[in-house]
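For the sequence shown, the working numbering begins at 374 and goes up steadily by one.
What the hints contain is simulated information worked out from the structure, not anything from laboratory work.
Keep in mind that this is a model prediction, so the values were computed, not measured.
Even glycine gets a Cβ: it sits at the ideal position worked out from N, Cα and C.
It is possible that some hints are incorrect.
[Unchecked claim] In silico SDA-like links for lysine to any residue, alpha-carbon gap of 20 Å or less:
1) K497 <-> P435
2) K510 <-> K671
3) K671 <-> D526
4) K495 <-> D526
5) K510 <-> D526
6) K510 <-> A499
7) K495 <-> F444
8) K764 <-> G715
9) K510 <-> A412
10) K764 <-> E704
11) K497 <-> L487
12) K764 <-> G680
13) K671 <-> F644
14) K671 <-> E750
[Claimed, not checked] Distance windows between CB atoms, simulated:
15) E711 <-> I649: 30 to 36 Å
16) L584 <-> G688: 38 to 44 Å
17) E711 <-> G580: 34 to 40 Å
18) T582 <-> A514: 35 to 41 Å
19) P657 <-> E521: 43 to 49 Å
20) S637 <-> S660: 45 to 51 Å
21) A578 <-> G501: 40 to 46 Å
22) S637 <-> A760: 39 to 45 Å
23) L502 <-> A760: 36 to 42 Å
24) T488 <-> H656: 43 to 49 Å
25) T488 <-> H664: 38 to 44 Å
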Amino acid sequence: MTVFLEEQGSDDGFVGFQRVSLTSGQSESWLQERLFEYASLIPMVEMFGQGEAFVPLCREYPLRHGASNVFLDLLGVSPTGRLVLIECKLWRNPGARREVIAQLFEYASLMSGLTYSDLEAKLKQARGLTGESPIFKAVSAAYPELEEARFVDSVNESLRRGDFLLAIAGDGIRSDLHALKNLLANQGGLLAKLALLEIRLFRDARGRTLLVPNVPIQTEVVRREVYVGAGREVPIEAANSVRSDAAAIGMEGSEAASSSASTSKAQNKEFWTRFIAEVRFDHPDQSPPRHGGNNWVKMDLPGPVGGLVAYRTVGNVAGFSVKFKGPEGREVMQTLLEDQPGVEGEIGHAVQFRVGDSTGDDGREVGGLFIEYLPHEGPEMESEQMAWLLKTANALVNALRPRLAATVV
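Build the full structure now, drawing on both the sequences and the hints.
Spelled out as structure tokens, the structure:
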């Protein structure tokens, strides 16, 4: 494959760049350096959705593993407060893919045991930094509108939940796509999202190198979670139906455990009764929401989906979910995945997809779409939840209903 660069004002006109392998003279360290130095090579929106960006913090970030240290290739942070963990891998042999995925999830697990203070102390030590708030200084230099207290809270929440953005960067990823998908589907235990980044290299006759980032899978990767219910862990396969259709996510068994929750069933019903009364939809075909179980309501949508569910969790998270059913649902989900930047642009919020293992031939759920929001703790928390839910419900209906209606024959 050859790509061409047109040099304006040059006698050369079009310059041909021939595709070369990353293994042709470059090392994983070389790739690591380039991604750290030129952070825009990492297409965060295409990988993880609107609102996410990569602010590099450290190369070879040390993590304690038993009696020794292991080193994460690249550590960064998004202005949303979610930590970004990247491993660079040249795909010289098939075993490398299994090794790097296991390695990255292990690093994420080690990272989830830290606090913001731990993170900052290790960063200072690794990079020889002095002064206060090096993480926030790095991020605020690019995003000056950020509030430090809110950002620190978001990073702490990312650490507490293990809610990270994970990426594997390398060459030759496309040829391993199906095997990688299968491996990703077998990871568990973290609230983390993993994407793949292929860096394509092209070289011209003068030895100049052109780097082209490519995302072979956008969010058609499996985001694995373990939900803790009433005294037991529920793997995502079992929890999907709870999350998507009973939507007190987390919470299978949460109604039975509601005595320890911050709000009662009566208060939850009052909250959602108010939501039903106040929500307004621009789309004339949208019917009003209706009560579901404790702390969730449901809105009808066309197509092979289980409707739009709005919910609150015992952890004060507000959110929406849509589950896709059967082979038609899988096709619709894939279409939405391909149009994710457009969907997020209309909604004004990052969207997360989770793809299940089922083919949907039996009409079962094949995956879901999720949006979540965590308000500030305090007396205004419930008001923030309500305002966000009212605004986002209308935006979601406007974005999803026409796309879903187009799939109905």
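Structure-based check of each hint:
no.	hint	result
1	K497 <-> P435	11 Å, holds
2	K510 <-> K671	42 Å, violated
3	K671 <-> D526	31 Å, violated
4	K495 <-> D526	18 Å, holds
5	K510 <-> D526	15 Å, holds
6	K510 <-> A499	17 Å, holds
7	K495 <-> F444	12 Å, holds
8	K764 <-> G715	18 Å, holds
9	K510 <-> A412	16 Å, holds
10	K764 <-> E704	28 Å, violated
11	K497 <-> L487	15 Å, holds
12	K764 <-> G680	18 Å, holds
13	K671 <-> F644	14 Å, holds
14	K671 <-> E750	26 Å, violated
15	E711 <-> I649: 30 to 36 Å	33 Å, holds
16	L584 <-> G688: 38 to 44 Å	41 Å, holds
17	E711 <-> G580: 34 to 40 Å	37 Å, holds
18	T582 <-> A514: 35 to 41 Å	28 Å, violated
19	P657 <-> E521: 43 to 49 Å	44 Å, holds
20	S637 <-> S660: 45 to 51 Å	28 Å, violated
21	A578 <-> G501: 40 to 46 Å	41 Å, holds
22	S637 <-> A760: 39 to 45 Å	22 Å, violated
23	L502 <-> A760: 36 to 42 Å	39 Å, holds
24	T488 <-> H656: 43 to 49 Å	44 Å, holds
25	T488 <-> H664: 38 to 44 Å	39 Å, holds
Violated hints for the displayed structure, listed by number in ascending order: 2, 3, 10, 14, 18, 20, 22.
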